[in-house]
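Engineer: So you can see what is in the structure, the chains are spelled out below.
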Amino acid sequence: MTTYIEAIRQGLLEEMRRDPDVFLIGEDIGAFGGAFKATDGLMEEFGPLRVVDTPIAEAGFTGLSIGASMMGMRPVVEFQFSDFMSCAFDQITNFAATTHYRLGIPVPVTFRAPTGGGFNGGPFHSGCPEMYYVHTPGLKVVAPGTVYDAKGLLKASIRDDNPVIYLEHKHLYRRLKEDIPEEDYVVPLGKASVKVQGTGLTILTYGAMLHACLAALELLPDHRGAIEIIDLRTLLPFDQETILDSVKKTGKVLIVHEARRTGGIAGELTAVIADQVFEYLDAPIRRVTAPDTPVPYAPPLEDFYLPNGSDVAKVASELLAY
Amino acid sequence: MTTYIEAIRQGLLEEMRRDPDVFLIGEDIGAFGGAFKATDGLMEEFGPLRVVDTPIAEAGFTGLSIGASMMGMRPVVEFQFSDFMSCAFDQITNFAATTHYRLGIPVPVTFRAPTGGGFNGGPFHSGCPEMYYVHTPGLKVVAPGTVYDAKGLLKASIRDDNPVIYLEHKHLYRRLKEDIPEEDYVVPLGKASVKVQGTGLTILTYGAMLHACLAALELLPDHRGAIEIIDLRTLLPFDQETILDSVKKTGKVLIVHEARRTGGIAGELTAVIADQVFEYLDAPIRRVTAPDTPVPYAPPLEDFYLPNGSDVAKVASELLAY
Amino acid sequence: MSETALSTHDSEVSPNRDVLLKMLRYMKLHRAIESRLEIAYRQGKLVGPLFVGTGEEAIGVAGAVQLGAKDVIFPSHRDLGGFLAKGVSAEQVFLHYLGRKDGPTRGRDANLHFGVWEHRVGSFISHMAATVPVAAGAAFAIKSRNQAHVVLCYNGDGSTSRGDWHEGLNLAAVLELPIVYVCVNNQYAYSTPLSRQMAVDTVAERASGYGMPVQTVDGNDALAVYRAMQPAIARARGGLGPSFVECVTYRMTGHGAHDPADYVPKEFFEAGARTDPIEQFTNWLLSSSRVSPFDIDAIVREIEAEVETAWAVAEESDYPDGPETLEGVYAD
Amino acid sequence: MSETALSTHDSEVSPNRDVLLKMLRYMKLHRAIESRLEIAYRQGKLVGPLFVGTGEEAIGVAGAVQLGAKDVIFPSHRDLGGFLAKGVSAEQVFLHYLGRKDGPTRGRDANLHFGVWEHRVGSFISHMAATVPVAAGAAFAIKSRNQAHVVLCYNGDGSTSRGDWHEGLNLAAVLELPIVYVCVNNQYAYSTPLSRQMAVDTVAERASGYGMPVQTVDGNDALAVYRAMQPAIARARGGLGPSFVECVTYRMTGHGAHDPADYVPKEFFEAGARTDPIEQFTNWLLSSSRVSPFDIDAIVREIEAEVETAWAVAEESDYPDGPETLEGVYAD
Ligand SMILES: Cc1ncc(C[n+]2csc(CCOP(=O)(O)OP(=O)(O)O)c2C)c(N)n1
Ligand SMILES: Cc1ncc(C[n+]2csc(CCOP(=O)(O)OP(=O)(O)O)c2C)c(N)n1
Ligand SMILES: [Mg+2]
Ligand SMILES: [Mg+2]
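Residue numbers (our numbering), protein chains in the order written: chain Y, 1 to 322; chain L, 323 to 644; chain F, 645 to 976; chain U, 977 to 1308.
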């Protein structure tokens, strides 16, 4: 059984062995193996020019990775927490995202960003920044919710010729364990996965919230067969076809994300659905999300903040009854 | 007749005279009067401690304004172009936006950001970054589309106790002229304005796109009375009541914004509408927006990129006929 | 890093006995509070991580004791002594760490990420160096209003690699702001030693390009820190502009309580232990007969009681209710 | 800023005649292209703004002529000479400025915001100093691959106040990257003179805290720039790490063609005119008999023809079609 974080480590290791142009860069990723140990042992195998420890300089090492990628390398950047991407926001959104459009030069950088709450990390270690990047054309954004996908999407991201934001959910790091194939595989970017089939309600989700949705299913034994759960996996570009096919079948939609509500991806998905398959809709489109606040620290606050299985179950059964 | 930019200048001048805690800070705003001359003459009246020229240091002067506001001052920051806010993204989204929540200290900073395209400024001088900030609780975001609102919203922003992103549209600076009151007035944050009343279709828009929507109306003389045009004015918090009341009346919605499509505010508005007033909807919710690309420079490209009156008219008449 | 003895030349400016006792008291209180927190951490009573300033107590304290009520301090994430000397109580600290409703952030943030603005203690945010320009802004307000207050801003060696540090220091210099930037150089940023953070030997070299006076001082020598801070604070108060003071010290733990710090050579911890700032300062106070063993005993007993009571109160106090999450995002 | 004569000590390394002619040619071509653009601007034929490097031509050229095909340059927004000396043609420049389909950005960006990667010319983006860490990344790739190429990265005095500059220079120093950072100190950032950008007299002082060799040189003296760049480039090529070269010059126009620059004292323009880099260099080439008036005439005629033809071709060429807007956001 492999953990989510070990799948990431293996993905890095295998890609580095496969392709000498792949290198890792970030804070404390060398001898220390990274704040979450995702790069444990890699410095020993690949040395300090392929596992590059940096000063605290997110804009600096992001820019550096962009420049190296222009030269044909495939940097994998580790942000210690996805919250600190804000310090590199200009480099990511203005340099990385636009270089291919302006110059035709690919920028194959993967930005690994440990994301999400659930461990009392407080306002600056628990964020879900995906929408800042989903709103930035030129980037791709992925958010694995399973061990299999963590490895497969990471490999696909590293091999992709575009800058990819790879959001790994900290809450899943050691909680999630699966048997995954020994042999090399990738999970293609841009493809959602239908986790549970159903005919009465489409639930769209990703990342740690996939597990809140699966938990909701357990709470609704009477609705087996009614609920379809789709793991988006890639948020930009998202898999419109799979989403719309499902909505055409079920006629009802619930979107669940851990990011804050206003301006979250639920809005974008709703816009596409309400434009493309309006006539199929049998109920309001609802969303279960974190509220519009910073992520609070104290357990009762964070518990309140994070959507959970019963929040999802409640709205799901309302929609099914609509 | 007052221009949009002169209304901004007057707003600054009057607030500075009214309240000694108001000061301006940014690049080239002193003797030079600002890249767009919004602060022309203010340095002469108020001196260099109230009209503060800075080095090129967006994160620095943003942070500085936050600290000064914690001490009770009311800084008005000028970004030379809204595109350069990306360099201060961490300070805005993590420091300014969270300080009241964490410490109960107000952060009354107004961030003036010249925004939008239409003058062949290319990818880095034409952006519409509003959604990065609409997705950040703790901030307010306003985007005046008229001369009257430019002044009234600016004054309201400066007097507000929260960090406010004030997006002034460069394309309107000298093109828009209106007679505005001599006496002091504010336009309250959070209130939309119904510009044109109609019964068959609600158009939601703001900023320069208000004028594309008004132009569309001229192209559709047969639909007088059918089209309602709402200028959102404040994007965060947006005026849910006015929006929903209108949709209940018309049953059809078109959202028009200059920002890029994916993750734009059309999604958020659609989510609220499709949740709250689903049963009133008689047609798909459509959007006319810029495409998901950087803002291109060459005239034929930028013309293609920017939504215009006939783009709006086309979709509006489709929806009316639906 | 030198391991020189305390700078005891009596010719130099010396704080008076009250100030010396205050310094000792806050340094000891700093350590006692964090020792209590370390116990709580091991007992699983702290839900979040823990970062302590053991061995670095002289730096925050020797600066903050020189401040008045209207002077401002922006401490870093290990400068608990700075909070205390500015008037924050042990109880507030514990309430904060335990995420309680009555704590200074109402349970919203963790660690030393808090401020108590009545005492003019600003708040660190996690993003290293973000306070550097913010503190400059507080100094700007003071200057604008033509006041004689000052701002102290503390940051680790690691944060000096960030752009915000550069922009903030430069703004302070160009605008001649009344601020002292204090670098707590504990020679590590998480696992990264100074030599991998910068290609110069001291942070002071890095700070020398901004046009402000720069000093490097032994951060484990409370008196030396006091004496270095004094002219810097006076300069700020006199409207002459900013200064930079590097205090070299030892991070005596892992980065956080979760970190065994295998990457730190044992000689490093030994050197830090030999130059423990509280021990050195106590010895000097005693040997120079500035205070008596009785004075020290009294302080120790007082602190023990304060910490015990504060902890008990904090542990008994209530968490915020879930729905409070939604309150206060905006000022109205 | 000194107004010393050209550094003509024959004892110092001198470029050979071919290189001297090349330098003259590219400096003159730089100016001729921009003069043509200024006319176009006045005629309303440039839809966007225009920023020229008149009077600063020596700096880009004297660096770039020392590069091989696989060396990389990241010019700033006035360093047209650097583009040219690396192989970019006048036609490409005009196509770019006019926003044409066949230009290097297919009409997507304006000004000198472009690159031609076949020639290893990277692209500036508007955000000042953003290229500083990016260029370090190109140098990192060279170092990783154990190559002997180098990177030159150009930035204005103004951009050195930004955090990215700090982070980039520091990374280059810590990682010992093969790069030379060149500061085009034209003493203004838009309307802001150096004295309001920094509290030190030279950018070199600001750069001295990173642990790399630093020089300040007269940027209007092409030979002095050449000679300053030479050891810096050699150091990078030899794997010894980065250097910083400040070239002091005069911005001889407003910030852009739209800016009358009333804020610049007339003495400043006079001093810049007296030390015009092309004139000085030409005089020296002639007076030291390194080239003849005939050589210079030939260059002038060649350039005139090149510029005229290039402009004609560019003006005749097609704009992209609107829907091309949608192409190439992603690499596939
Ligand atoms: C911008 C940013 N990047 C990364 C981190 C993660 N982080 C937290 S503390 C730390 C090391 C800080 O080193 P230093 O400034 O020397 O302070 P010290 O912990 O040694 O007191 C790092 C990398 C952060 N908080 N902020
Ligand atoms: C981050 C950022 N802020 C503001 C601007 C607007 N701006 C464009 S050029 C310029 C001045 C640049 O000065 P300097 O770096 O000295 O270059 P110069 O124009 O003098 O060659 C400014 C402020 C910008 N491009 N980027
Ligand atoms: Mg440290
Ligand atoms: Mg300049």
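These are computed hints drawn from the structure, not numbers from a lab. Please read these numbers as outputs of a predicted model, since none were measured by experiment. Glycine residues also receive a C-beta, built at the ideal position from the N, C-alpha and C atoms. Keep in mind that the hints are not guaranteed to be accurate.
[Unchecked claim] Per the computed footprint, the stretches of chain U lying under chain L, defined by three or more beta-carbons under 8 Å from a beta-carbon of chain L, are:
1. 1147-1153
2. 1162-1172
3. 1295-1304
[To be verified] Now the stretches of chain F that chain Y is said to cover, found in silico as 3 or more residues with beta-carbon under 8 Å:
4. 767-780
5. 817-827
6. 831-842
7. 846-852
Engineer: Are three or more residues of the segment 1147-1153 of chain U within 8 Å, CB to CB, of chain L?
Structural biologist: Result for this restraint: violated, n = 0.
Engineer: Are there three or more residues in the segment 817-827 of chain F whose C-beta lies closer than 8 Å to some C-beta of chain Y?
Structural biologist: violated (count 0)
Engineer: Verify the coverage statement for the segment 1162-1172 of chain U against chain L, using a C-beta to C-beta distance below 8 Å and requiring 3 or more qualifying residues.
Structural biologist: With 5 residues closer than 8 Å to chain L, the segment 1162-1172 of chain U meets the three-residue bar; holds.
Engineer: Under a C-beta cut-off of less than 8 Å, do 3 or more residues of the segment 846-852 of chain F approach chain Y closely enough to confirm the stated coverage?
Structural biologist: violated (count 0)
Engineer: Check whether three or more residues of the segment 1295-1304 of chain U sit with their beta carbon closer than 8 Å to a beta carbon of chain L.
Structural biologist: Holds, because 8 residues of the segment 1295-1304 of chain U bring their Cβ atoms closer than 8 Å to Cβ atoms of chain L.
Engineer: Do at least three Cβ atoms from the segment 767-780 of chain F come closer than 8 Å to Cβ atoms of chain Y?
Structural biologist: holds (count 5)
Engineer: Taking 8 Å as the C-beta cutoff, is the stated coverage of the segment 831-842 of chain F by chain Y satisfied by three or more residues?
Structural biologist: Contact hint for the segment 831-842 of chain F vs chain Y: holds, 7 residues under 8 Å.
Checked against the numbered hints listed earlier, the structure breaks hints 1, 5 and 7; every other hint is satisfied.
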